[in-house]
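Please work from the sequences and hints to get the whole structure.
If you read the sequences in order, they're chains V and S. Take the first sequence: its letter number 322 is residue 322 in UniProt numbering, and every next letter is one higher. Take the second sequence: its letter number 89 is residue 89 in UniProt numbering, and every next letter is one higher.
Which copy is meant is left open, so a pair is good if it fits within one copy or across any two.
Pairs of lysine to aspartate or glutamate residues, derived as EDC-like cross-links and limited to a Cα-Cα distance of at most 16 Å, are as follows: (1) 24 to 37; (2) 360 to 401; (3) 7 to 17; (4) 319 to 67; (5) 360 to 403; (6) 24 to 346; (7) 319 to 68; (8) 360 to 406; (9) 360 to 380; (10) 360 to 402; (11) 360 to 400; (12) 252 to 277; (13) 24 to 2; (14) 319 to 69; (15) 222 to 245; (16) 410 to 366; (17) 159 to 118.
The set of hints was computed from the structure by calculation and includes no laboratory data.
The primary structure of each chain is shown beneath.
There are 2 protein chains.
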Amino acid sequence: MDRLLIKNAVLDGRRTDIYVENGKIVSVGNCTQFEADKTIDANGMRALPGFVNMHTHAAMTLMRGVEEDLPLAAWLKRIWKIEESLDEESIYWGTRLACLEMLKSGTTAFNDQYWMPDVAVKAVNDSGLRSWNSYVCMDHGSPERAARERDELEQTYEKSREWGPMCSFTVGCHSTYEVSREMLEWCRDFAVKYGLKLHIHVSETRAEVENCRSRYGMSPVKYLDSLGMLGPHLIAAHTLWLDEEDVELLGKHHVNVVHNINSNLKIASGYRFLYNELAAAGANVTLGTDGCASSNNLDMLEAMKTAAMVQKAWRADPKVMPLNELLDIATINGAKALGLESGRIEAGKQADILLVNVRKSTFVPEINFLSNFVYSGHSDAIDTVICAGRVLMEGRRVKDEDEILDSAGKAARVLLEKSGIVLKTY
Amino acid sequence: MDRLLIKNAVLDGRRTDIYVENGKIVSVGNCTQFEADKTIDANGMRALPGFVNMHTHAAMTLMRGVEEDLPLAAWLKRIWKIEESLDEESIYWGTRLACLEMLKSGTTAFNDQYWMPDVAVKAVNDSGLRSWNSYVCMDHGSPERAARERDELEQTYEKSREWGPMCSFTVGCHSTYEVSREMLEWCRDFAVKYGLKLHIHVSETRAEVENCRSRYGMSPVKYLDSLGMLGPHLIAAHTLWLDEEDVELLGKHHVNVVHNINSNLKIASGYRFLYNELAAAGANVTLGTDGCASSNNLDMLEAMKTAAMVQKAWRADPKVMPLNELLDIATINGAKALGLESGRIEAGKQADILLVNVRKSTFVPEINFLSNFVYSGHSDAIDTVICAGRVLMEGRRVKDEDEILDSAGKAARVLLEKSGIVLKTY
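Okay, structure coming up:
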């Protein structure tokens, strides 16, 4: 039995202890009566639920910075060229590097869509986080490729029974433009049959929406609706270019939408995410970082700040996306989308907990902790990360950090050389 | 004689030493022939020029987070109420806290506009950075107040001869709406007479521009031009709401404009800063954070990232504001505006130098250092800060850090209590 006692943390402004057994929070309050295998004296650090990163391509850490300040087409060409050379080594170390980075910035669960999920899951299990991993279908309208994808997806789903309790399988459809109608329908049925989440990119760029309208006479959201694919099991990444009817549909079907502000800004997809409208309509609004090839890091705290600031600016309204909602978007809303009992620090919830060190200039004065954490601080204030009751980072030290930095660096060099990319002097 | 030798730094992709004497860089390259009083083995850390924060209200650190997610009018009311209670203690410790935070995030010089510059300068000198400090004129059209302001400004300028080599006096006019035409003209003449910089808020909000048009029949920029105030000595903060003619005027007169993206976003002033147009017209584009009451921190690295990302997004062009230009904006352009010989690491320049530790997940892989630093990393990667050849931070430790955190925290509590503000539980 794993028993963890966190003493002297501050939760919602009050000093408290938190007692954890077998990965779950048992008691919050005075916990001196409990015996533990490990005790942490939080010494006034603030306790918060771990972040849930709702849209990543984890192993793309290895392509971080490969091209900057380039138009989208040239950038994509580079990325696709590199992806042809991906192998088990690069997927494993790219995902380990991603997990290290997520721990350093307070993420305890993430929803991934990338190649070789079997290999990625090994890296996640070696890191201790929780993940949801897609097999990603992309048939480009080829029936042969679709048949292969169906086989591979089924096989991966079979194997996912051995992924262990921290990793879950999801059905991944890349998008309405990379996946045929038949394949989408097959994925829909597979997800429903096995009670799985379905993870897809939706309305990320204006061009995607325009192309969908020319091809199917409707927006991507309405196209998915016409296929009966909208529902609370759907995780729709981006949903940036929506009309009123799209918003209504996403709300009515309680779809989980993922805002990826940093990626949207950096590759210039757009910024007018309809947060107020989506939340009011009934959609579950969550937050993600996207992969490091587009947004460069996996830092959810930074994503929170940017999301709120840009939302306030384009609406010309400083009241939008207030701090309490922002924290929910980054924690409990993501947990809800994944069916994970976390996102709050209370008895019965999963013990996915951050301890934040406020002994920094950015936390002075002590007026509003959450404002200081989100708007003033950085993720380096996160001292300790606990996932499923296991302490994965303490004093900002993560196990195997040196090995991960070295091996991921080496894997990236090999991958880029294979892809014929000559690195400039660093 | 102060002699500093930095060994094994990496500059522009090459290993190098940097030798500093009496605050200036003497040699870059192999410097083993030089004897030094202090030697730093940079051990592969990247060397960069220190950041120049071109628009701050430093002591407002003490009001960080005082109201969040509020409309501008309610927020301003709170801030003004607090400012009535400012005293030497709060200005000193607020500025010390600001300097600590700037050192932690790589700023070596800043351009400040706030109350009691005499007191602020003491804090700057105790911290070791460089500052330019305004006496801020705000007469609200009252001739009595204008007379007092003129006296005070002249006295402060007299006293500024004792500020020492690291701090310089500038003439501060709050804005065209808080300062009368007569006072602006007097400030113009004073700045010209003594060869001083003139620091002013210009076209920060749409309302400001509209009000100026109703009052004077022209935009703030054209109004300043009509008073003969535009020139390379002018530091115009914000310049966010400009028309074509404004851009042309600011360019033609080589005005220094300061982009404060985080403040503009958070209080929802706007985001369409005309970077391309201003730079092409001939204005000197620089970067600032504004005060912590509006933008919550003084982190120039974060400001760089946000500025570039938002610029790319609203223009729908990922090529805009590329990394090399972004670094110039945050360093040498600011130095130029202030007449400071820094912003490049080369012989003859001031030794204002950052050493960046790249042994972090966010710096893997080593494809593009500047992209990793700006787009992936955070200021916690800055290990060492040198200003005028003095090592002010090493291993992220700053002298007197504990005392500053405690005393600034206490000063903030006293200040807020005096202002009748009851703090919620932190």
